[in-house]
Amino acid sequence: MPRARILGIFACVISTVLLAVFGYYAYILNDAYSISNVQKIAAETYYAVAVPVGMVTIGILSTGFWVGMTILTIKVAPPMPEIVEKKDNSKFKAFLLCLVTAALAGLFIYGVIQQYYLAIAIPATVITLVLLGMVFWVGVAIITARSTLYKEK
Amino acid sequence: MRVLFLCYRGNPYCGGQGIYLYHLTRELAKQGVEIDVLVGPPYPDPMEEWANVYKLENLHLWSMRTSHIPYENLKKLFSPWHFLEYVATRFHIFPEMETFSMKSFFYLKKLLKKKQYDLIHDVQCLGWGLLPMKEYGIPIVTTVHHPLTRDRNADFLIDTTMWEKACTILFYPLTMQRKVINRLHRVITSSREGLHELKQAFGLSPEKVSVVYNGMDVELFRNTGEPRKQKSLLFVGNTEDHKKGMRYLFEALAMLPEDVTLTIVDEGPPKRLTAWKMIERLKLQHRVHFTGKVDLDELVYHYSTCTILVMSSLYEGFGLPAAEAMSCETPVVATTAGALPEVVGDAGILVQPENPGALKDAINTLLNNAPLREELGKKGRRRAVDMFAWPVAAQNTLAVYKDVVASYRSSL
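For the protein sequence lines, the chains are A and B, in the order given.
Under the numbering used here, think of the first position of the first sequence as 1, with each following residue one higher.
Under the numbering used here, think of the first position of the second sequence as 154, with each following residue one higher.
Same shape as in the complex, but just chain A:
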């Protein structure tokens, strides 16, 4: 079997296993829904996890907010009438995007200050799912792709 295909299978297996391990430790082992604050672990331990997770989370939410704000505030000439004939409601959607991202950011910061476990577990889950999902998807693409080169020796 070519080395690249082995790499693809390896990527799929590893990402699936890691996803399962993460889900078990994050949600099942400690019965995540019964943890309202993490009194049994030291605050330093909590923030050691919360800060990096928080930086990524706030980064993503800020990007969403910035996109919405840019659409709301950018000043360009009105769209060409030759092109746009339908009603443009993107300003309203951009406002909603700002509102949702600001509310999520507020909720996240409040949760971290209160040291809620779910405040870091949910964003960590989303980030992990996205990254592992991409690794998995590339793995699938490698497995199912047809090589245009000669077989590797």
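Simulated from the structure, these hints should not be mistaken for laboratory data.
All values derive from a computational prediction rather than experimental measurement.
The reader is advised that the hints may include incorrect statements.
What the hints assert, rightly or not - In silico lysine-lysine, DSSO-like type, Cα no more than 27 Å apart, as pairs:
id, chain 1, residue 1, chain 2, residue 2
1, B, Lys-229, A, Lys-75
2, B, Lys-263, B, Lys-229
3, B, Lys-424, B, Lys-436
4, B, Lys-430, B, Lys-384
5, A, Lys-91, B, Lys-531
6, B, Lys-424, B, Lys-446
7, B, Lys-267, B, Lys-256
8, B, Lys-396, A, Lys-75
9, B, Lys-352, A, Lys-75
Unchecked claim - Partial pick of chain A residues on the chain B-facing surface, computed with a CB cut under 10 Å:
id, residue
10, Glu-44
11, Ile-74
12, Lys-93
13, Val-126
14, Thr-128
15, Leu-129
Claimed, not checked - Listed next, with one range per pair, are the computed distances between beta-carbon atoms:
id, chain 1, residue 1, chain 2, residue 2, range
16, A, Val-21, B, Lys-352, 17 to 25 Å
17, B, Lys-183, A, Thr-63, 42 to 50 Å
18, A, Thr-16, B, Lys-555, 58 to 66 Å
Here a beta-carbon is modelled for each residue, glycine too, at the ideal position from N, C-alpha and C.
Here the structure of chain A is known, so what remains is to put chain B in place on it, guided by the hints.
Just chain B now, with coordinates in the frame of chain A:
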């Protein structure tokens, strides 16, 4: 003087930076500058005669679905830079400038073990990697023909949904460029208009900017001597680009006599419909002809055989078609938008943008005055050779290099 060029896309057929890299490095080498080039794909035509070319890999993942990525490239996706590009492109971010600059930073570290440079010349990348690169102790100059804010705003004019607008915002790395450009030693732009543009877009102080006019191949763009068509207008450019002001050109054409025709060097229907819809609305189908994509020889033929080149632009960072037409001794009617007055000078007639009546009058004046057309054509050729030939651009660029190196060394 030893100069390292950085160019994230080097092929001359995929964008202005490739043409700039190819011709400028060749002319600089003729003037005694030792040139090394770090370049991303598509790679430039062979430049080994006058430069050492180091190629950096990029998989071109932008707008490519995972299932369409070639098998050979899929195998490479798990390397850190490629995976980072893969993740970014899935979120409609265009990461090529960021990753090219970071790869260049690491590659340069290896190069500096055996080489030394007096200056680094970045061509329109402005990636994060240029900031740590400053720590190598080499002054960095960048060329920006026009800020990407212009392109983003033009895209906004044709984006109709929230999703398209969000993708446009994510595509252009303006935050990065704003941070980086203000921290480089000098910025070269191609017109005086660019000073104002760069200040407005990036808050860049005019003292940090040097104006060097774009170069072009005045030997290639030379009148072929073939007889000119009568009452034949020419437009060269992207008709989908709102900045070109196509609407005003068509409205002017509708006001001109029936026997005046317009040739557009661009794709027409069915591939590009924006201009065609306007043409249909004004019932000009029988007077407008699209050439589709043409090679350089055909382009020179069109410049040499049309009566007038018309540019109805609302903005131009430089206006290369005007300079090319002038080089082919073709008179120009253009608007006063952007850098066009600087380029055209006294070799054409300038009118206010968004004014089809003024455009029509200027075209009419020239169509009915053959001696004036000839006079403007001769002036245009002279102006193109004196101001926009590559040797002139290289000479002026070298003067900027010397100034930057001298002030950098005196500040140490």
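Quiz item: Among the hints numbered above, which are violated by the structure, and what are their numbers in rising order?
Solution: Structure breaks hints 1, 5, 10, 13, 14, 15 and 16.
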